[in-house]
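Colleague: Since chain C is already given, all that's left is putting chain W on it; use the hints.
Residues per chain are reported as follows:
Number of protein chains: 2
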Amino acid sequence: MTIKEELAQRASAVENFLEQCLHDRHIPNRLLAAMEYSLLAGGKRLRPVLTLSFAGMLGGDEAKVMPFAASLECIHTYSLIHDDLPAMDDDDLRRGRPSNHKQFDEATAILAGDGLLTEAFVLMAESSLKGGLPADRVLRAVSVLAAAAGAGGMVGGQAVDMEFTGRTDVPLDELLAMNAMKTGALFTEACECGAVLAGAPEADVDNAREFGRSVGVAFQIMDDVLDVVGDTKTLGKPAGSDEAMGKTTYPSLVGLEQSKELADACIQEALDRISTYNGREKEFLVGLSRYIVDRVC
Amino acid sequence: MTIKEELAQRASAVENFLEQCLHDRHIPNRLLAAMEYSLLAGGKRLRPVLTLSFAGMLGGDEAKVMPFAASLECIHTYSLIHDDLPAMDDDDLRRGRPSNHKQFDEATAILAGDGLLTEAFVLMAESSLKGGLPADRVLRAVSVLAAAAGAGGMVGGQAVDMEFTGRTDVPLDELLAMNAMKTGALFTEACECGAVLAGAPEADVDNAREFGRSVGVAFQIMDDVLDVVGDTKTLGKPAGSDEAMGKTTYPSLVGLEQSKELADACIQEALDRISTYNGREKEFLVGLSRYIVDRVC
Numbered sequence: 001m002t003i004k005e006e007l008a009q010r011a012s013a014v015e016n017f018l019e020q021c022l023h024d025r026h027i028p029n030r031l032l033a034a035m036e037y038s039l040l041a042g043g044k045r046l047r048p049v050l051t052l053s054f055a056g057m058l059g060g061d062e063a064k065v066m067p068f069a070a071s072l073e074c075i076h077t078y079s080l081i082h083d084d085l086p087a088m089d090d091d092d093l094r095r096g097r098p099s100n101h102k103q104f105d106e107a108t109a110i111l112a113g114d115g116l117l118t119e120a121f122v123l124m125a126e127s128s129l130k131g132g133l134p135a136d137r138v139l140r141a142v143s144v145l146a147a148a149a150g151a152g153g154m155v156g157g158q159a160v161d162m163e164f165t166g167r168t169d170v171p172l173d174e175l176l177a178m179n180a181m182k183t184g185a186l187f188t189e190a191c192e193c194g195a196v197l198a199g200a201p202e203a204d205v206d207n208a209r210e211f212g213r214s215v216g217v218a219f220q221i222m223d224d225v226l227d228v229v230g231d232t233k234t235l236g237k238p239a240g241s242d243e244a245m246g247k248t249t250y251p252s253l254v255g256l257e258q259s260k261e262l263a264d265a266c267i268q269e270a271l272d273r274i275s276t277y278n279g280r281e282k283e284f285l286v287g288l289s290r291y292i293v294d295r296v297c
Numbered sequence: 001m002t003i004k005e006e007l008a009q010r011a012s013a014v015e016n017f018l019e020q021c022l023h024d025r026h027i028p029n030r031l032l033a034a035m036e037y038s039l040l041a042g043g044k045r046l047r048p049v050l051t052l053s054f055a056g057m058l059g060g061d062e063a064k065v066m067p068f069a070a071s072l073e074c075i076h077t078y079s080l081i082h083d084d085l086p087a088m089d090d091d092d093l094r095r096g097r098p099s100n101h102k103q104f105d106e107a108t109a110i111l112a113g114d115g116l117l118t119e120a121f122v123l124m125a126e127s128s129l130k131g132g133l134p135a136d137r138v139l140r141a142v143s144v145l146a147a148a149a150g151a152g153g154m155v156g157g158q159a160v161d162m163e164f165t166g167r168t169d170v171p172l173d174e175l176l177a178m179n180a181m182k183t184g185a186l187f188t189e190a191c192e193c194g195a196v197l198a199g200a201p202e203a204d205v206d207n208a209r210e211f212g213r214s215v216g217v218a219f220q221i222m223d224d225v226l227d228v229v230g231d232t233k234t235l236g237k238p239a240g241s242d243e244a245m246g247k248t249t250y251p252s253l254v255g256l257e258q259s260k261e262l263a264d265a266c267i268q269e270a271l272d273r274i275s276t277y278n279g280r281e282k283e284f285l286v287g288l289s290r291y292i293v294d295r296v297c
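In order, the protein sequences belong to chains C and W. According to our numbering, numbering within the first sequence proceeds without interruption in unit steps and concludes at 297. According to our numbering, numbering within the second sequence proceeds without interruption in unit steps and concludes at 297.
Here chain C stands alone, though its shape is the one from the complex (with noise of 0.2 angstroms):
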């Protein structure tokens, strides 16, 4: 099985779970329809295997772990949501499909961002209450995810990230400051998330969350690499839309073979953090790394 494969297995099991997790919810119709418009629109469900493998590989129970993994999907799609919105980034596609303020409208595309926000933490909350898994290691899962999907994190990335857009002068460290909020935080909480449930020593933990924080920023370079070097099709979104609405990118700023030497770097460190690691969910870490600078979407 190639990594692509495995990934697209581990995706599909992510994925079964997403579908019926809201439908005892009593959610109005058309709210769940936008909500699993854009939650069941595929995508590599990269941070919940992230989670998943982390706790596979540091002892946890994987199957206990499901619900609050795919709480970071909930809370992945959501940013997608809004990200999309016309004050946002006004973007009408989205994995090929219109997006979802253009399936549905703006009222509906945003309280469905918010809905599948809160929705997240309700599935951290089962984790445990229905789940079985430690209420004190789930209490300090959700301080770090909140922490890192909020204001100080995710939020505040796409905020500054607005604020970049049209200037031309953001130099490399503010660029890399900003992807570390908008896209780093939910890897790194992804990865440690997975180790602090399956209740691993510090040191792992520790190991799990500079992992997650090297392949958040190699993830967000190669993403600005196929935003220049991909097409529509393959991308789901319009190549170049970086470039049409003026934003600084990793290749702007120093150029595509650079670029990916410093994705190429990211990864080596994150290949460190879990170099002492065995078994298969280790070798399948290696191979899903390689895969995020090796990936054409």
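No wet-lab data here; the hints were simulated from the structure. No experiment lies behind these values; they were computed from the predicted model shown.
For identical chains, the list gives no copy identity; a pair is met inside one copy or between any two copies.
Restricting the straight-line Cα-Cα distance to at most 20 angstroms, the calculated cross-link-like pairs of lysine to aspartate or glutamate (EDC-like) are:
1. K102 to E163
2. K130 to E202
3. K282 to D294
4. K247 to E163
Modeller: Same frame as chain C, now just chain W:
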């Protein structure tokens, strides 16, 4: 001290906490300003005050419950910011000042709301991790509060409210059901969470929840009544805005007099739920309940 003065004093204690709670979060300046613009814009702080009062009445430590109580105000504030957006109710005024998206911009207002909602969960987790409340109690409270704030509760209620706008044929039971989600769910859980965090027996948790449910309905009815009989200066928003937007309200359905009677009946149900308790907090809750139907703003 009148009940209004006592409420103001308790609200002030909540505000002292809210004023510092975002300051160590590394939030980008403009986003922080937008979040605090709405979070510190005054208001009665009814939801956190209810949480603290129920916790106190049922033997909990109010100081330890404060971060959790404050999280309810973050959630309430985020909902106001998003509800005011042009795509939603398109309100230019809130508490006598420009609404968030008028003072800042739409993108910042969306992100300020997202940030406050997420920050609420950081605060909840901290009430255990830093504040010392037992993790299992906090996690149970997180679960019911998130469910109440989400797509099956407050967010879903706003979605249904949007669908109702322009319809003049909404029956009373559907209006009650919508308001139970949009406004009632947060009042319900403000009270229930106070009891849960105090470690109260299930019978007390039930009483707290049902008290909150009844008070929430009464509060919404009186909000509709005040929109008709209040003036713009006292309300801090344009009077008569419900009618201008073609919203079905209690007064438009059953008239002012019967609306007031309905609210009184709800308050009586609430008072019945706490009749067997004693002490200062019980007296405060009785006074607060009466104030909710007698207030002028």
